[in-house]
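Sequential numbering from 247 applies to the sequence shown in our numbering.
Hints are not guaranteed to be accurate.
Label-pair restraints from in silico Cβ distances [stated by the list, open to error]:
{"#": "1", "residue 1": "M296", "residue 2": "G378", "range": "32 to 42 Å"}
{"#": "2", "residue 1": "G384", "residue 2": "N343", "range": "19 to 29 Å"}
{"#": "3", "residue 1": "T413", "residue 2": "E328", "range": "31 to 41 Å"}
{"#": "4", "residue 1": "D284", "residue 2": "E308", "range": "33 to 43 Å"}
{"#": "5", "residue 1": "F422", "residue 2": "R400", "range": "30 to 40 Å"}
{"#": "6", "residue 1": "D284", "residue 2": "S424", "range": "24 to 34 Å"}
{"#": "7", "residue 1": "A361", "residue 2": "S424", "range": "14 to 24 Å"}
Calculated pairs, EDC-like style, for lysine to aspartate or glutamate (alpha carbon to alpha carbon, straight line, at most 20 Å) [to be verified]:
{"#": "8", "residue 1": "K386", "residue 2": "E328"}
{"#": "9", "residue 1": "K366", "residue 2": "E415"}
{"#": "10", "residue 1": "K394", "residue 2": "E383"}
{"#": "11", "residue 1": "K394", "residue 2": "E288"}
{"#": "12", "residue 1": "K408", "residue 2": "E328"}
{"#": "13", "residue 1": "K386", "residue 2": "D344"}
{"#": "14", "residue 1": "K394", "residue 2": "E416"}
{"#": "15", "residue 1": "K366", "residue 2": "D344"}
{"#": "16", "residue 1": "K386", "residue 2": "E403"}
{"#": "17", "residue 1": "K386", "residue 2": "E415"}
{"#": "18", "residue 1": "K394", "residue 2": "D322"}
{"#": "19", "residue 1": "K386", "residue 2": "E288"}
{"#": "20", "residue 1": "K394", "residue 2": "E328"}
{"#": "21", "residue 1": "K386", "residue 2": "D350"}
{"#": "22", "residue 1": "K366", "residue 2": "E403"}
{"#": "23", "residue 1": "K366", "residue 2": "E288"}
These aren't lab readings, by the way, just hints derived from the structure by calculation. Just so it is clear, the structure is predicted and the values come from calculations on it, not from any experiment. Every residue gets a Cβ at the ideal spot worked out from N, C-alpha and C, and that includes glycine.
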Amino acid sequence: MNCDAYYDESVPKIKLQEEKPSFIIRSLQINETSLLRDFLYEAIFVPEGMNAPPRNVVDLPELQVYIQDFGSRIGDYALVAESFGRVLGAVWVRLMNDYGHVDDQTPSLAISLYAAYQGKGIGTALLQAMLGLLSSEGYKKVSLSVQKANPAARLYERLGFKTVRETDEEYVMVCFTSLP
Numbered sequence: 247m248n249c250d251a252y253y254d255e256s257v258p259k260i261k262l263q264e265e266k267p268s269f270i271i272r273s274l275q276i277n278e279t280s281l282l283r284d285f286l287y288e289a290i291f292v293p294e295g296m297n298a299p300p301r302n303v304v305d306l307p308e309l310q311v312y313i314q315d316f317g318s319r320i321g322d323y324a325l326v327a328e329s330f331g332r333v334l335g336a337v338w339v340r341l342m343n344d345y346g347h348v349d350d351q352t353p354s355l356a357i358s359l360y361a362a363y364q365g366k367g368i369g370t371a372l373l374q375a376m377l378g379l380l381s382s383e384g385y386k387k388v389s390l391s392v393q394k395a396n397p398a399a400r401l402y403e404r405l406g407f408k409t410v411r412e413t414d415e416e417y418v419m420v421c422f423t424s425l426p
């Protein structure tokens, strides 16, 4: 028997790869800015074996800079991934002096997804969409801060982010949205 040509119709077909969820990427609506509080909490990296902080940690001034009065400043942009009316994740940028600050013309980026939707390409799509939006708005680069132990650091590197500064625990990374 020629094994290369053999096919048994009676064998049930199986999916070899999990189907990716269908989603759209759209702008965050002004009446949805309260979602950023939840996604800010979701963006907090909790190393394995550590307890998650209480949800009110996002009320600390150093975290409030990411979301307070979002949409009221020049340079506030937010995109969400949505599937069947449910928001799965968000990426947003703001000109601010935060952990990832590099200069006053470079917006700082934050991104998070609900855990159930991580590892499915949604974060990559959100980041690529935001990089395109920033480029179209005339921003030359975007920055972020990520803990070294956070697996998301590899995603950022894959999408072109480069480390420009580091501490014992964190990288500050920059990605050019267009040629410098």
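Hint compliance check: list the failing hint numbers for this structure, sorted ascending. 4, 5, 7, 8, 9, 10, 12, 15, 17, 18, 19 and 20
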